[in-house]
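> Add chain B to chain A, keeping to what the hints say.
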Amino acid sequence: MSDATLPAATAPARRDGSRARGESRFVQFVLIAVSLAFLLLFLLLPLVTVFVEAAARGWEAYRAAITEPDAQAAIRLTLIVAAIAVPFNTVVGIAAAWAIAKFEFRGKNLLISLLDLPFSVSPVISGLVFVLLFGAQGYFGPWLQAHGVSIIFALPGLILATVFVTFPFVARELIPHMQSLGSADEEAALTLGASPWRVFFTITLPNVKWSLFYGILLCNARAMGEFGAVAVVSGKIRGETNTMPLHVEILYNEYMGPAAFAVASLLAGLALVTLVLKTLLEWHYGDAIAASRRH
Amino acid sequence: MTTTASFRWREPSILPGFGLAMGITVTALSLIVLIPLAGLFVKAASAGPADIWAVATSPRTLAALRLSFLGALFAALVNTVFGLILAWVLVRYDFPGRRLIDAAVDLPFALPTAVAGISLAAIYAPNGWVGSWLAPLAFRFTIPFTDVSIGFDGKVAYTPLGVMVALIFIGLPFVVRTVQPVLEELQSDVEEAAALLGANRLRTVFRVILPPVLPALLTGFVLAFARAVGEYGSVIFIAGNIPMVSEIAPLLIVIRLEQFDYAGAAVMATMMLLISFALILAVNLVQARARRRFGDV
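First to last, the sequence lines map onto chains A and B.
If you're matching positions, the first sequence starts at 1 in UniProt numbering and goes up one per residue.
If you're matching positions, the second sequence starts at 1 in UniProt numbering and goes up one per residue.
Just chain A, same shape as in the assembly (with noise of 0.2 Å):
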């Protein structure tokens, strides 16, 4: 074990059954056998039923479902959100792990289980609290009221909603990357006279581009599927406030199943776009975002 390369080989052999202390073939083939019968059952399942239900009524069918005009502003506003969040979250996300990888202060520890708040809650509250804040009978909502501005049932509610509960994906995935790269690179920078942003750009960021990368793909995913806080705040009008996922839940519930699953599959491709380039990165540069396995 004192010779540096046996890490590197031993992990193959690792995966070779017929040694002495690994199991038989015969409870291997089981475990396998019982592993993939699970995800098939609860995974790959519900996946191809989306794509085999939006395509029952053939072509023309999916095509309209997915162009009439309140499909269309579903995906607009979709994308809107999105548009605001994820950068808004990217910016937040890398000024936190600045401040928690590269210097050391009380409270770190805590600042970073705050970050990490919005996972441990409900997308329901997460909505609901903005409701409270911003709803007709929330704090602001008849000083809100008085001066024009509508917040919940709008576009600027479901931004906030979403907004929270995409807010850790950037941050979580950067810190653990930044902290391992320790500043030395940069404390070189600064000492032969570079400015601090151009360290920043010419340094720092390049340093982490594929984590960062890595967690604002997971940060997008999220904003463009969040359901349950988008659909406490956004009144669910159509053509006006209804994204994507608050779609195919009215054309569900309305027993509209083909045009809901037209609209879902969209959505599904767009989690296998984000699952392949995930897996992508983490083949590519799996040492450089190894942290956020830990999911």
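A hint or two may mislead.
Over 12 Å on every C-beta distance to chain A, these chain B residues come out as not near it, computed from the model [claimed, not checked]:
no.: 1; residue: Gly39
no.: 2; residue: Ala56
no.: 3; residue: Arg60
no.: 4; residue: Arg66
no.: 5; residue: Pro126
no.: 6; residue: Phe152
no.: 7; residue: Val245
no.: 8; residue: Ile248
no.: 9; residue: Arg289
no.: 10; residue: Arg291
Short, incomplete list of chain B residues facing chain A, as computed with Cβ under 10 Å [said to hold, decoys possible]:
no.: 11; residue: Ser13
no.: 12; residue: Leu15
no.: 13; residue: Pro16
no.: 14; residue: Ile32
no.: 15; residue: Ala38
no.: 16; residue: Leu40
no.: 17; residue: Asp102
no.: 18; residue: Ala103
no.: 19; residue: Ile123
no.: 20; residue: Arg207
no.: 21; residue: Ala266
no.: 22; residue: Thr270
no.: 23; residue: Leu273
no.: 24; residue: Phe277
Think of the hints as simulated: they come from the structure by calculation, not from any bench.
Every value quoted in this text rests on a predicted model; they were computed, and no experiment measured them.
Think of the CB as a built atom: it goes at the ideal place given N, C-alpha and C, for glycine as much as any other residue.
Using the frame of chain A, we list chain B on its own:
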């Protein structure tokens, strides 16, 4: 401020930007997360003891909370068992499609919950692919000398079982992804030592391999549980949402909100958050003890 050596709020550093970065972080965190959550607690507290008690002890509230927490508990337990097997298979064995399966585990993270919800409802509905196949399996059995009867009436969708199916879907990756890295880092020499000293494989697995994996398994369980308790989108389509039977707590919050019962919604949300936080805290304490025993995992 930093001239006194006895107390330093932060270690000195030549790196710039602490104030700016910290300012952005704390401002955004406060405005987006902390103040709105504080508003929720204030709203719940302002309801008055009588109203809080009425909401907290109403049969419908208790039934919804029981379903959400027990359903989440059951789903997290199922996920812990199958997640451990899955992580084991992915780390230790080589078989065709292993990397594909590995990637597919994250599907519930990527698939929007509403999409998963309508899909699960379609599959497990009485006329769905799996639902139609489950109907003939109905059975009922009365335990002798008691009035207790257990059984399965062939339906999953629109029953509490449907809720659990959705919660199992949503929670699986949490267990696999927390256990997997620990299994990967496990040193094989202790295993070999156990085998050489005469332990059979089963004994080695339970006495040598599983103990250091336990803290990670517990973390995965808690993450899956916490996610399942608050889950909404993937559940409401398959649940059928019958009050007192298959109505989950997050849905009851939405219903109260739609009836403009802001205080009732706030009280219920606060109850959910407090129970969740208490559970997470308790498990973290258990974990801190386990960490001291088995090292950092």
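> Now, for every hint given, state plainly whether the structure supports it.
Verification of the hints:
no.	hint	result
1	Gly39	5 Å, violated
2	Ala56	16 Å, holds
3	Arg60	16 Å, holds
4	Arg66	16 Å, holds
5	Pro126	15 Å, holds
6	Phe152	17 Å, holds
7	Val245	19 Å, holds
8	Ile248	10 Å, violated
9	Arg289	18 Å, holds
10	Arg291	14 Å, holds
11	Ser13	6 Å, holds
12	Leu15	5 Å, holds
13	Pro16	4 Å, holds
14	Ile32	6 Å, holds
15	Ala38	9 Å, holds
16	Leu40	5 Å, holds
17	Asp102	8 Å, holds
18	Ala103	4 Å, holds
19	Ile123	6 Å, holds
20	Arg207	13 Å, violated
21	Ala266	6 Å, holds
22	Thr270	9 Å, holds
23	Leu273	7 Å, holds
24	Phe277	7 Å, holds
The structure is inconsistent with the numbered hints 1, 8 and 20, although it conforms to all the rest.
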